[in-house]
Amino acid sequence: MARRDDVLGVTGADTVIGAGVLVEGTLRSEGDVSIDGTLTGDVTATGDVTIGVNGHIKGGIYGLNVTIAGELDGNIHAQGETTIRETGRVNGDITAAGLAIVSGGQFTGRSLMSRQSELDLAPAADQEP
Amino acid sequence: MYYYIVNPAAGRSQTKNVQEKIRARLDELGIRGEWVKTTGPGEASKMAAAAAAKGHTTVVAVGGDDTVNEVINGLTAHDNVAIGIIPLGSANRLATQLGIVDWRQACEVLAARRLTPYCLIAAGQKFFLSTLTLGFETDLDKNVDTTETGWKARAGQLRAGWGHARNFRTLRCRINVDDQYKLECDVFSLSIANQKFLNPLADNRLIVALSDHPGHSLQLGSYLWRTLGSRVAGSKTSNEPAGLLEETATTRFLAHRVVIETDPVTGIMVDGKVAGRTPIAIRLTDRRVRFITEKVVADFKGAVGPKIKS
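Quick note, the sequences are listed as chains A and B, same order.
So that you can map any letter, position 70 of the first sequence is 70 in the numbering used here, and since no number is skipped, the others follow by simple counting.
Each number in the numbering used here corresponds to the 1-based position in the second sequence with 1000 added.
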């Protein structure tokens, strides 16, 4: 069972997916998202997206600020900052206004730094990302 | 004009003792109205519908959660009718959630007539306002009498609840969320409510909260204490969101429609009453009811789930 402190930023997040939960499909949120489970599909949020230590996503992430402490196989499109924590692993491209990799974090892919205004918005609900 | 539907059997028939006092107080407040009594289950729905058809604009359920839910289901086609509550039942969760704790305060609330509209939730063919549960909380309600109050009663409830909690087997649950994604997990307890019912500032959306089995005895004890406390009107926890709809849920999300399957099949409860079994589709409807509530926006301390952007 996920402890609350295993999921970064769980308090106050609009959507919280706990450890041991399997999700398939596109998860959309009008707020913040915290994932400590396994998601096959994309995450599209107007708020911040956090992948916890136990979290694993196979798909893309579209959000405001993105923090990875778990594992991501897919691309990140962040309007703000992307942070890969010491336990985080990203295998994909990152497009963000800023990127920080904490010592221990792993990143395999390309990074594109863009001003916030130049970044595409998260895909609309009726469009495929 | 106010129309009072009274369940004489509510609250172990305590309505008999206070009816005249309530009517006297309503008279003082200038909201006496028509006073009718039900004679069996299901009657409150029919009476509410008939009252609306006759042109009454306020229907008051005098009883517990069962009576209120029947009145709600009788008025789903009449969104111009306001619903009030005078809580006299054994279980008064709806009233408690709306900030109404006893009949005296309820009379004042009715006179003040603060209206808050809520969208109803449909579970199968039935509509409800408050909370649907499945899993341990449903098992708890079926097996532990939570109507008694006091420290001695609570200790007994904890003892009985503890045994059930330790032996409760989690359900394998599959949830289809808005036909956009599917979620699969082991569930100890699951609750669904309209988030606006928990936070008047929020939009009408389903908030789904679930958890797997609390691993530690301390967590289990804490969870059990809060769950039992939420059943008791006037207790410290009774005005807080019940069970998982606060931040102790390990998984929480918003939706308009969910379809829930469980293995094994299990019963679901709405406001403490068995209301069906899985698999079940639960959706937020566009049918609105206007409730006369105690809570005002300024009294609400914070959102459950979504942050409210100012």
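Some clues are possibly wrong.
[Said to hold, decoys possible] Label pairs and their in silico Cβ distance ranges: (1) Asp1079/B to Glu30/A: 23 to 31 Å; (2) Val1265/B to Glu81/A: 17 to 25 Å; (3) Glu81/A to Glu1261/B: 36 to 44 Å; (4) Glu1034/B to Glu30/A: 38 to 46 Å; (5) Glu30/A to Gly1163/B: 50 to 58 Å; (6) Ser103/A to Pro1117/B: 51 to 59 Å; (7) Gly104/A to Leu1115/B: 18 to 26 Å; (8) Asp1203/B to Thr40/A: 50 to 58 Å; (9) Asn1143/B to Gly109/A: 49 to 57 Å; (10) Gln106/A to His1256/B: 31 to 39 Å; (11) Asp1286/B to Glu24/A: 23 to 31 Å.
[Said to hold, decoys possible] Just a sample of chain A residues kept apart from chain B, beta carbon distances all over 10 Å, derived: (12) Ala19; (13) Glu24; (14) Arg28; (15) Glu81; (16) Ala100.
Calculated directly from the structure, the hints in this document are not laboratory data.
A virtual CB, placed ideally from N, CA and C, is assigned to each residue, including glycine.
Hints, one by one, checked against the model:
{"no.": "1", "hint": "Asp1079/B to Glu30/A: 23 to 31 Å", "in the structure": "holds, 26 Å"}
{"no.": "2", "hint": "Val1265/B to Glu81/A: 17 to 25 Å", "in the structure": "violated, 46 Å"}
{"no.": "3", "hint": "Glu81/A to Glu1261/B: 36 to 44 Å", "in the structure": "holds, 39 Å"}
{"no.": "4", "hint": "Glu1034/B to Glu30/A: 38 to 46 Å", "in the structure": "holds, 44 Å"}
{"no.": "5", "hint": "Glu30/A to Gly1163/B: 50 to 58 Å", "in the structure": "violated, 42 Å"}
{"no.": "6", "hint": "Ser103/A to Pro1117/B: 51 to 59 Å", "in the structure": "holds, 53 Å"}
{"no.": "7", "hint": "Gly104/A to Leu1115/B: 18 to 26 Å", "in the structure": "violated, 55 Å"}
{"no.": "8", "hint": "Asp1203/B to Thr40/A: 50 to 58 Å", "in the structure": "violated, 29 Å"}
{"no.": "9", "hint": "Asn1143/B to Gly109/A: 49 to 57 Å", "in the structure": "holds, 53 Å"}
{"no.": "10", "hint": "Gln106/A to His1256/B: 31 to 39 Å", "in the structure": "holds, 38 Å"}
{"no.": "11", "hint": "Asp1286/B to Glu24/A: 23 to 31 Å", "in the structure": "holds, 29 Å"}
{"no.": "12", "hint": "Ala19", "in the structure": "violated, 7 Å"}
{"no.": "13", "hint": "Glu24", "in the structure": "violated, 5 Å"}
{"no.": "14", "hint": "Arg28", "in the structure": "violated, 6 Å"}
{"no.": "15", "hint": "Glu81", "in the structure": "holds, 19 Å"}
{"no.": "16", "hint": "Ala100", "in the structure": "holds, 24 Å"}
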